[in-house]
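So you can see what is in the structure, the chains are spelled out below.
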Amino acid sequence: MADKKIRVLVAKPGLDGHDRGAKVVARALRDAGMEVIYTGLRQTVDQIVEAADSEDVDVVALSLLSGAHNTLFPEVVEGLKAKGMGDVLVIGGGVIPAADIPGLEEAGVKAIFTPGTPTKDIIDFIKANV
Amino acid sequence: MEFSMKDFWNGSRRALARAITIVENEQDGYEEIMKEIYHHTGRAQVIGVTGAPGAGKSTLSDNLVKFYRKMGKTVGVCAIDPTSPFSGGAILGDRIRMNDLTLDQGVYIRSMGTRGSLGGLSRKTADAVKLMDAWGLDVIFIETVGVGQSEVDIVKNADTTLVVLVPGLGDDIQAIKAGILEIGDVFTINKCDRDGADRLNVEIEMMLDLGEAQDWRPPIERTIANEGQGIEDVVNGLNEHRKYLEESGLLEERRRERVRTEMAEMIHDRISRHVMKEITETGKFADYVEQVYERQTDPYTVVDSIVGDIFK
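Taken in sequence, the protein lines are chains A and B. When we follow my numbering, the leftmost residue of the first sequence carries the number 7, and every step to the right adds one. When we follow my numbering, the leftmost residue of the second sequence carries the number 6, and every step to the right adds one.
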């Protein structure tokens with residue numbers, strides 16, 4: 007058997023136009039040996055779910071800085087479940103207030119990584135949970 | 006999710022996506038999947054899109070897919086990007102240019118890393134294309150990594166190869182070198198509003214004139230892909246070539262040749278894995294390396310004895 011590579015969709019839902027963070031994470035995951043599919047800015051929930059489906063990813067990593075995380079992150083989780091992809095690991099990052107994190111985790115986002123997180127933490131989390 | 010061939014034949018996209026993963030990773034059961042689908046392949050029109058990094062392959066593919074969709078065809082895209090030789094990871098970014106297509110249920114896009122393959126494709130591209138073909142997609146685009154001069158594996162996988170060029174990349178000697186300019190069935194000069202498009206056109210014409218006269222003269226189209234200009238011309242060129250392939254019998258010839266190389270590669274692969282497994286697991290290989298390094302023997306003698314031992 008060839009190596010099973012971890013495939014990650016790095017996606018930016020919503021309307022903010024800042025993807026520096028997403029690119030830094032994408033690069034770090036690449037350097038950790040993962041295949042990262044990056045789809046660019048301003049994706050709808052449906053687009054993200056469809057791309058995750060077609061690409062058969064193990065992880066969906068959402069990056070969002072606009073403040074709409076409480077709406078959009080859970081919608082992605084639900085959309086994946088509806089596609090029969092409930093086993094996909096969903097994680098999030100961006101400017102997310104600490105107070106919102108428990109609610110997001112309850113909604114099925116397995117971890118939230120806020121600014122300043124070493125990329126190694128994200129890599130370790132993915133490797134431990136896929 | 007458990008994979009089932011029944012879902013695959015029922016047209017489940019989830020099953021197609023999972024089948025490609027299983028085959029790409031050579032997970033248990035992948036050969037059974039390929040055996041089952043093989044008889045259902047050979048129906049799709051397979052088009053290769055190749056060219057230098059940044060030439061506009063993804064943007065052009067995006068437009069071509071939309072055009073074929075308007076003609077009522079279902080379309081698959083296999084988009085290859087390079088895998089890092091150091092980490093084994095990859096950033097697959099071709100979808101960025103194809104976001105409009107994501108929600109179209111008549112389009113299936115799959116990104117793949119080269120995973121160590123050097124010819125512009127991945128080793129499993131051909132299998133992914135077969136899966137898409139058997140699943141029922143009418144037209145399949147294979148988009149290679151951004152290529153230099155010699156990554157020409159695409160010709161072994163596509164019925165028609167579209168070479169995407171942009172003005173201003175080199176002098177006229179580039180055009181007569183061997184390599185990707187030899188494999189174009191259709192050429193397009195993308196970003197043709199830039200300086201040098203006319204000159205590039207002349208250079209390609211000259212290159213084609215210098216070659217032996219063929220039945221098929223590759224047309225040279227001009228596009229500005231991000232504005233959607235010239236797409237229809239390219240589609241016409243691709244379809245003309247398809248017609249030529251069918252009428253001349255060349256399609257059968259190319260596909261027969263493909264079966265030949267594919268099987269030769271599979272045999273080569275199987276044997277070399279077997280041999281490497283034998284000699285690495287027994288620890289013999291490490292000993293031989295040491296002996297050769299110490300100049301106690303030489304690699305030719307060692308290889309003779311290794312291969313001789315296995316194929317008695």
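Treat each hint with caution, since some may be false.
One-sided excerpt, in silico: chain A residues whose CB lies under 7 angstroms from chain B [what the hints assert, rightly or not]:
1) Thr45
2) Ala57
3) Phe119
4) Pro121
5) Lys126
6) Ile129
Coverage of chain B stretches by chain A, computed from C-beta distances (three or more under 8 angstroms per stretch; other residues unrestricted) [claimed, not checked]:
7) 25 to 33
8) 64 to 78
9) 245 to 259
DEER-style ranges, computed between Cβ atoms [claimed, not checked]:
10) Lys89/A x Ser92/B: 44 to 54 angstroms
11) Lys87/A x Ile101/B: 21 to 31 angstroms
12) Asn135/A x Asp292/B: 33 to 43 angstroms
13) Glu237/B x Thr123/A: 44 to 54 angstroms
14) Lys133/A x Glu31/B: 45 to 55 angstroms
15) Asn244/B x Pro124/A: 16 to 26 angstroms
16) Ile272/B x Gly23/A: 18 to 28 angstroms
17) Asn135/A x Leu215/B: 41 to 51 angstroms
18) Arg260/B x Gly23/A: 38 to 48 angstroms
19) Pro124/A x Arg204/B: 50 to 60 angstroms
20) Pro103/A x His273/B: 30 to 40 angstroms
21) Ser72/A x Glu41/B: 10 to 20 angstroms
22) Leu174/B x Lys87/A: 42 to 52 angstroms
Since the hints were made in silico from the structure, they are not lab data. We treat Cβ as the ideally placed atom computed from N, Cα and C, and that holds for glycine.
*Determine whether the Cβ-Cβ distance between asparagine 135/A and leucine 215/B falls within the hinted range of 41 to 51 angstroms.*
violated, 59 angstroms
*Is the distance from the Cβ of isoleucine 272/B to the Cβ of glycine 23/A consistent with 18 to 28 angstroms?*
violated, 52 angstroms
*Taking the CB of asparagine 135/A and the CB of aspartate 292/B, does the distance hold inside 33 to 43 angstroms?*
About 41 angstroms separates the Cβ atoms of asparagine 135/A and aspartate 292/B, which means 33 to 43 angstroms holds.
*Could you tell me whether the CB distance from glutamate 237/B to threonine 123/A stays inside 44 to 54 angstroms?*
holds, 49 angstroms
*Holds or violated: proline 121/A as interface residue toward chain B, Cβ cutoff 7 angstroms?*
violated, 21 angstroms
*Just tell me: holds or violated, for the beta carbon distance of arginine 260/B and glycine 23/A against 38 to 48 angstroms?*
holds, 47 angstroms
*Is the gap between the beta carbons of lysine 87/A and isoleucine 101/B within 21 to 31 angstroms?*
holds, 26 angstroms
*Could you tell me whether the CB distance from lysine 89/A to serine 92/B stays inside 44 to 54 angstroms?*
Distance hint for lysine 89/A, serine 92/B is violated at roughly 30 angstroms.
_For the stretch 245 to 259 of chain B, count the residues whose Cβ lies under 8 angstroms from any Cβ of chain A; is that count three or more?_
With 0 residues closer than 8 angstroms to chain A, the stretch 245 to 259 of chain B misses the three-residue bar; violated.
_Cβ contact check, 8 angstroms cutoff: the stretch 64 to 78 of chain B against chain A, three residues minimum_ = Three-residue rule not met by the stretch 64 to 78 of chain B, so violated; n is 0.
*Assessment of proposed distance window 45 to 55 angstroms (beta carbons of lysine 133/A, glutamate 31/B)*: violated, 21 angstroms
*Grab the minimum C-beta distance from phenylalanine 119/A to chain B and call the hint holds if it beats 7 angstroms, violated otherwise.*
violated, 19 angstroms
The structure does not agree with the numbered hints 3, 4, 5, 6, 8, 9, 10, 14, 15, 16, 17, 20 and 21 stated previously, though it agrees with the rest.
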